[in-house]
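Participant: Heads up: the sequence lines are chains A and B, in that order.
So for the first sequence, our numbering puts the first residue at 1; every next one is plus one.
So for the second sequence, our numbering puts the first residue at 270; every next one is plus one.
Since the hints were made in silico from the structure, they are not lab data.
Built from N, CA and C at the ideal position, the CB exists for glycine as well.
Some hints could be false.
Heads up, incomplete: computed chain A residues facing chain B, CB under 10 Å, no partners named [stated by the list, open to error]: (1) R21; (2) M80; (3) G88; (4) S93; (5) F97; (6) S99; (7) A103; (8) E112; (9) G154; (10) F167; (11) D169; (12) K193; (13) L194.
Okay, derived cross-link-like pairs now, SDA-like style, lysine to any residue, Cα gap no bigger than 25 Å in a straight line [stated by the list, open to error]: (14) B/K315 with B/L414; (15) B/K370 with B/A504; (16) B/K315 with A/E77; (17) A/K241 with A/I121; (18) A/K150 with B/V401; (19) B/K315 with A/S235; (20) A/K193 with A/E6; (21) A/K126 with B/V401; (22) B/K370 with B/D474; (23) A/K126 with B/G413; (24) A/K150 with B/G334; (25) A/K150 with B/A504; (26) B/K315 with A/K241; (27) A/K85 with B/A504; (28) A/K192 with A/I121.
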Amino acid sequence: MTEPQESIIELRGATKRFDGRTVIDRLDLAVMPGETIVIMGSSGCGKSTTLRMMIGDYLPEEGSVRIFGQDLTTLDEAAMNALRKRFGILFQSGALFNSMTVADNIALPLREHAELDENVIHIVVKMKLELVGLRDFEHLMPAQLSGGMKKRVGLARAVSLDPEILFYDEPTAGLDPIATGVTDTLIRDLSKKLGVTSVVVTHDMASAFRIADRMAMLYRGELIALGTPDEIRASSDPRVKQFVEGLADGPIPLRQSSKDYAADLLGQV
Amino acid sequence: MSLGVRDTIEKLGSYGTGGLGYVGGLGYLGLDTLRWMLRGLVGRPKLRLDALSFQMVRVGVKAIGIIALVHLFIGMILAFELAPILEDYGMLSQLATIIVKAVFPQLAPIFAAIVLSGFAGAAIAAELGTMVVSEEILALETMGLNPIRFLVVPRVLACIVMLACLTLVADVVAWAGGLLVYTAALNLRWREFYDVTISVLVARDLWVGLIKSGFFAVLVSLVSCYEGLRVSGGAEGVGRATTRSVVLSIVGIIVCNMILTVFFFYFWPAQA
């Protein structure tokens, strides 16, 4: 019998509130090494907040978030920074530094964290750009790139320090279908080639089914489904069904307001 | 107590606590910046000299033209305004004294700092604000890079060094403006103006101006960085931060100048 594998990221009872409003409610989620997990859900369900908790940007009010076995709520700035060198993040907009060239963007983490010779850094930058298919673009400024290219450069920067975990925040948002397909392939390739664990936050279902080993669905800050793409597709939960199939009618309402409409119009609430 | 009075007192109270919170936040940013500067000086981690030189060019070198223009006119305005009065007293030859004593410790550092707040301060607030909105600051943090060390320290240092240089440029140009009026409009000899300047100019005039410029530079750069880093609400937030950084910087410069002038009045007064 094999030993049960230890999770690389673990949220246990993680709760996050903003101004008294609970956005994440006692979330339990474990991510296994090497897997690609997709966190999905409609806008405002708390998936981005979950990502921000995983990267240590938000700390949970209750519960714990552990990465590589370390509880983020107990780490000081130096320990957190040391931990952050072990993971990379692709932001929704790419978040490239606009005042730097593509090459300098990718070289930045290397220059700051690895004591490497400039020649070596130059070679590593070329290798990372080749991974995302943009080797000839190193001298351009981010403003000269398309949205899809910015994301690919952002990805090259995210993997510059050879991270063990990659986080993706809406990697295909705002991309055309071809760029979406390219990005999906990249995510799959990177996790296969580099063996990294990937956490992808998205609401793009086609993309999610293409890249996921497991999928987690959030609804109003709670985890309502967790399983392989096939399990999610076969789920009998009407909320999961509605989201996966993109149906307008179902248990997930279009309107988020809890007030009575007529009473609201008449100023009675 | 009537509702209106209570409302007013509550509003004043909230402005007061808001103001204190702002000063506290600014002070915290200042201390953190100082900490990273000192760590940079001992090389752990090292100062980002490339970023510093880039900011120095941006903050200082590009502002020289505007500073020169503004101060040339300030020198000329002072000369035109005061020449008839001095002539009435039969002291037109002392025009250089007034120019030197007004410009070197007061007008040059103030106007150079105000130009800096409009020229560089607004740009810093807009740039950092845009970086917040486009998640660049978050990206820095998640790479384990401290935004204070990475962005604020080079900007504050560049402002300190360059505003001192700009103040010296302003001194010379404003003096030259006075000289221009003295020779071209009043038809007097430049040598007199020069000799009077040499006889009245003391080290204190220069030092007071330079010390003030240091305070103003720290103020303008910290306010601009603080406003930029606390942007929320997208493009509108960036616009608000830019405006606030300039307005608060100018008010801050005048208040700071008042405090420093009183300080120098008691501890290092001007002498005839």
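Participant: Would you mind marking each hint as holding or not holding in the structure?
Facilitator: Now for the hints, and whether the structure bears them out:
1. R21: With Cβ-Cβ at 17 Å, over 10 Å, it is violated.
2. M80: holds, 8 Å
3. G88: This hint holds: A/G88 lies near chain B, its Cβ roughly 8 Å from the closest one there, short of 10 Å.
4. S93: The hint holds - A/S93 has a Cβ within 10 Å of chain B, the shortest such distance being about 6 Å.
5. F97: Because about 6 Å separates A/F97 from the closest Cβ in chain B, which is inside the 10 Å limit, the hint holds.
6. S99: holds, 8 Å
7. A103: violated, 14 Å
8. E112: holds, 6 Å
9. G154: holds, 8 Å
10. F167: holds, 8 Å
11. D169: holds, 8 Å
12. K193: violated, 22 Å
13. L194: Violated, because the Cβ-Cβ distance from A/L194 to chain B comes to roughly 18 Å (cut-off 10 Å).
14. B/K315 with B/L414: Given pair B/K315, B/L414 holds - Cα atoms ~13 Å apart, limit 25 Å.
15. B/K370 with B/A504: violated, 44 Å
16. B/K315 with A/E77: The hint holds at about 18 Å.
17. A/K241 with A/I121: violated, 48 Å
18. A/K150 with B/V401: holds, 17 Å
19. B/K315 with A/S235: Violated, at about 55 Å.
20. A/K193 with A/E6: Answer holds: A/K193 to A/E6 is near 22 Å, not above 25 Å.
21. A/K126 with B/V401: Given that 25 Å is the threshold and the Cα spacing comes to 28 Å, the pair is violated.
22. B/K370 with B/D474: holds, 7 Å
23. A/K126 with B/G413: This hinted pair holds, its Cα atoms lying about 23 Å apart.
24. A/K150 with B/G334: The hint is violated at about 37 Å.
25. A/K150 with B/A504: Roughly 20 Å separates the two Cα atoms, so the pair holds.
26. B/K315 with A/K241: violated, 55 Å
27. A/K85 with B/A504: Status violated; Cα separation ~31 Å.
28. A/K192 with A/I121: Holds, at about 24 Å.
The structure does not agree with the numbered hints 1, 7, 12, 13, 15, 17, 19, 21, 24, 26 and 27 stated previously, though it agrees with the rest.
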